[in-house]
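First to last, the protein sequences are chains A and B. If you're matching positions, the first sequence starts at 1 in full-length UniProt numbering and goes up one per residue. If you're matching positions, the second sequence starts at 1 in full-length UniProt numbering and goes up one per residue.
One or more hints might be untrue.
With the C-beta cut set under 7 Å, the calculated list includes, among others, these residues of chain B facing chain A [to be verified]:
{"id": "1", "residue": "Asn53"}
{"id": "2", "residue": "Glu112"}
{"id": "3", "residue": "Ser115"}
{"id": "4", "residue": "Leu142"}
{"id": "5", "residue": "Glu209"}
{"id": "6", "residue": "Gln212"}
{"id": "7", "residue": "Leu213"}
{"id": "8", "residue": "Thr214"}
{"id": "9", "residue": "Gly217"}
{"id": "10", "residue": "Glu218"}
{"id": "11", "residue": "Trp219"}
None of these hints come from the bench; they were simulated from the model. Even glycine gets a Cβ: it sits at the ideal position worked out from N, Cα and C.
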Amino acid sequence: MVGLSTGEKHFIHGGIAQDLRSDGRKRLHFRPISVETGVIPQANGSARVRLGATDVIVSIKAELGKPNSFQPDKGKVAIFIDCSPTAAPEFEGRGGEELSSELSVALERCFLGGKTGTGAGIDLSSLIVVEGKVCWDLYIDGLVISSDGNLLDALAAAIKVALSNTGIPKVNVDLGASPDDQPEVDVSDEEFLQFDTSGVPVVVTLTKVGRHYIVDATLEEESQMSSAVSVSVNRHGHICGLTKRGGAGLDPSVILDMISVAKHVSQNLISVLDSEIAAAEANADE
Amino acid sequence: MATNPATYSPSQSLERRQQQQRRKIFLQADWTRTDGRSFHQCRPAFMRTGASNAASGSAYAEFGGTKVIVSVFGPRESKKAMMYSDTGRLNCNVSYTTFSTPTRGQGSDHKEYSSMLHKALEGAIILETFPKTTVDVFALVLESGGSDLPVIISCASLALADAGIMMYDLVSSVSVSCFGNNLVIDPTAEEEACQDGSLMIACMPARYEVTQLTLTGEWSTAKINEAMELCLDACLKLANIMRSCLKEIAS
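Sequences and hints are given; from them, build the entire structure.
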């Protein structure tokens, strides 16, 4: 991973303790975030998010499928993350698999809510076409192009942006004569329905280095972490998912403290993302 | 198999404080749990060490319908392909039997459990005590009856202790499910299937440190607070049961 000398490690630790990090940021400052939408024309929605040197692309494809028999009134969403070996040599072959699955599980936890769908960022019932028969399957594929720490936050932001860029084709349904018939579906290639993204959360990862915690850690800072807590927060300030990474134990009061800091930071992040999305959409229209 | 099961539930004061709240909720949503427990009562915990002879240490845990065996092998020499390391390595694997779930072979849905078990345990083990070597933790879920991962984590830490691996503390783990305003501790599989949200904590009670924490669904901060308090208290009680189980073997 990152080869750091003892001096460099001290420098990182000391900087974080003094609230002035190696790149001049304060502990709770994000790197500049840049957003592009519609980067993949073949997908229903896509986005590229750059957070410092971290670079990710998310594409969203919608396909018609059959709803699960246990939940006939809900569509399906699947999140896959791919760590490409172009980002780091460690991701070659099966090396990226562990990180990929860790990221996809964490993102699914953040976006899909509980079993009954409460707190889900993506409203699964909006994906239904004919109850029990036809629904939209949403495939969210993330690709890590370049990794400089804080992949989870970047991917979550990219998913949020990509969802706001997603158009689901309008469908006309012919139910057929008898209720047993498979309904005929006519997919329009001109009319698209916009996706409601008001409930989609953002993820804020707080990385604990020494006695302090920082947001948006770079790869070097991440190599010095003892543990990290990723909190996903929606617009209303409710927590919709939480994952702890890193092995070291944390005092419960520290975790609660981290949650309240994450809540505060996330509201800034949401407004930054909103204005970036608006700017990116305006760019795309030109 | 459980002849004289020891039960554990959060402390009386907490129970009493929430009793009043709960009564109000009961008026709105009156339901009882299928196994007759109260919302804040855990299933009887049965734990024994020495389930497998070939392993350095092993444990069997039975929490209601959830039955788990964990074997620990090592510390043994790391694979040749591994780079030199001056701390030990921990390798965790969780598998389900094909007959563990109502529908055959459903257990493969839980691929992330291995890495979650690893994260829950790695903070508790003193890896510096066995450089260049690997400890393997293999968990097998015989029957999945809800709260599988917390049971796996608790059982694995008991097996590690049985194998004589140096640890800072035992790791015990408990989860709660959220139904509307109700918090239900140690949910069964049926309850987990229709929960609004869940929170799982793995902690080292003596050090009062959380090693693993996951949360799904929508939560307010106050609710997280309440759920964490409930879990930590239950973890403490569970750790006492685990400790007495180890003492029994030693005496």
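Here's how the hints hold up against the structure:
With a cut of 7 Å, the hint placing Asn53 of chain B at the interface with chain A is violated, because the nearest CB-to-CB distance is about 30 Å. The criterion of a C-beta within 7 Å of any C-beta in chain A is met by Glu112 of chain B, whose closest approach is roughly 4 Å, and the hint holds. Below 7 Å, beta-carbon pairs count as interface contacts, and Ser115 of chain B has one with chain A at about 6 Å; its hint therefore holds. Because the beta carbon of Leu142 of chain B sits about 24 Å from the nearest beta carbon in chain A, more than 7 Å, this interface hint is broken.
Satisfaction of the interface hint for Glu209 of chain B is found here, the shortest Cβ-Cβ separation to chain A being roughly 3 Å, below the 7 Å cut-off. Interface restraint check: Gln212 of chain B against chain A, minimum CB-CB distance 6 Å, threshold 7 Å, status holds. Against a cut-off of 7 Å between C-beta atoms, the interface hint on Leu213 of chain B holds, since the closest Cβ of chain A lies about 5 Å away. A cut of 7 Å between beta carbons decides the hint on Thr214 of chain B: the least distance to chain A is about 6 Å, and the hint holds.
Because the closest C-beta pair between Gly217 of chain B and chain A is about 3 Å apart, less than 7 Å, the hint holds. About 3 Å separates the beta-carbon of Glu218 of chain B from the nearest beta-carbon of chain A, less than 7 Å, and the hint is met. Hint status for Trp219 of chain B: holds, given a least beta-carbon distance of 5 Å to chain A, under 7 Å.
Comparing the model with each numbered hint stated earlier shows that hints 1, 4 do not hold.
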